[in-house]
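Asks: Sequence:
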Amino acid sequence: MQSESRVVALVATGGTIAGTAARGDDLVGYDAGALSAEQLTAAVPALAGEALETWTLARLDSCDMDHATWALLRRELQSRLARPEVAGVVVTHGTDTLEETAWFLHRTLAAPKPVVLTAAMRPASAPSPDGPQNLLDAVRLAREPGARGVLVAFGGKVWAGGELRKLHGWQLDAFSAGDAGALALVEDGVFRRLRDWPAPELHRAPVGEVPPGAWPRVEIVTSHAGASGRIVDGLVADGVDGLVIAGTGNGTVHTALREAAARALAAGVAVVRASRCLAGGVVGTTDGALPHYGAATPAQARIELMLDLLARRT
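Numbering (the UniProt record's numbering), first residue to last: 1 to 314.
It should be emphasised that the hints constitute simulated quantities derived from the structure, not laboratory data.
Keep in mind the model is a prediction, meaning the values are calculated, not measured.
Ideal Cβ positions, reconstructed from N, Cα and C, are used throughout, including at glycine.
Check the hints yourself; a few may be wrong.
As the list claims (entries may be wrong) - Between beta-carbon pairs, the in silico distance windows are:
1) Pro84 with Gly189: 44 to 54 Å
2) Cys277 with Cys63: 15 to 25 Å
3) Cys277 with Asp233: 24 to 34 Å
4) Gly284 with Ala180: 10 to 20 Å
All chains, full assembly: derive it from the sequences and hints.
Replies: So, in structure tokens, the structure goes:
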């Protein structure tokens with residue numbers, strides 16, 4: 001059926017890819033999310049005449065991404081993926097929280113067809129924006145025969161949504177998949193696959209049945225030289241449901257934070273650890289050490305713990 005389906009549903013959520021600045025050479029002082037989905041596609045001549053269904057869901061700077069937008073995006077994507085004439089879906093997004101949205105969708109959205117996220121490091125008003133090529137690659141990937149799962153098309157590469165992490169704040173080659181590497185390379189409009197498309201790994205948390213305002217609250221605390229447990233104690237007193245400690249190295253945690261984590265656990269707050277390092281994650285375990293989610297970044301681990309806590313409630 002996918003080979004006969006040619007419509008690509010394209011949803012815009014904002015970000016640098018849709019950003020504009022008063023001066024063309026201003027690559028940082030722009031308004032994110034200024035352009036609509038229709039304006040984005042109109043800027044890519046190669047998309048003229050393509051079977052695209054566009055809509056603008058949000059105009060966010062992705063640093064302001066929130067759970068309500070995630071819930072709405074997931075519901076909209078689910079609806080469009082169910083239509084037989086839709087080959088796949090493209091989501092334009094900001095780069096700052098792209099790895100978080102990709103992880104959330106990877107874990108909560110059934111995607112037998114490709115769900116392709118894309119973004120840009122330069123605003124649309126730049127002299128040489130990277131968004132148009134990324135968008136073209138994303139639309140083509142959404143129609144790629146056999147493709148499935150949550151994917152990210154960016155910078156001439158295809159990443160698995162469950163492996164993405166941002167490495168750089170402003171360079172064009174800003175993303176990685178840690179030790180896993182890219183899924184495919186884009187070579188003159190052709191995808192050279194390096195690994196299999198991602199298998200579904202859906203979480204059992206009923207995110208579609210619980211309003212976002214009722215999702216568990218999970219915060220991230222960073223371990224560092226001279227760390228204090230006061231932040232953890234304050235969050236526990238404020239009613240947090242879970243904590244992720246972004247540890248040093250292989251997820252190691254400062255003694256003061258370990259002691260505060262023990263107090264948090266005694267108070268009924270779930271605590272896990274991750275690594276501040278963007279490659280490697282946490283390997284192995286030590287008796288008495290806090291649990292972890294392996295290669296997940298602290299941001300990804302926060303979502304995973306939120307889903308775990310939500311599943312425990314039901």
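Asks: All the hints need checking, so say for each whether the structure fits it.
Replies: Structure-based check of each hint:
no.	hint	in the structure
1	Pro84 with Gly189: 44 to 54 Å	violated, 26 Å
2	Cys277 with Cys63: 15 to 25 Å	holds, 22 Å
3	Cys277 with Asp233: 24 to 34 Å	holds, 26 Å
4	Gly284 with Ala180: 10 to 20 Å	holds, 19 Å
Of the hints listed earlier, the one the structure fails to meet is number 1.
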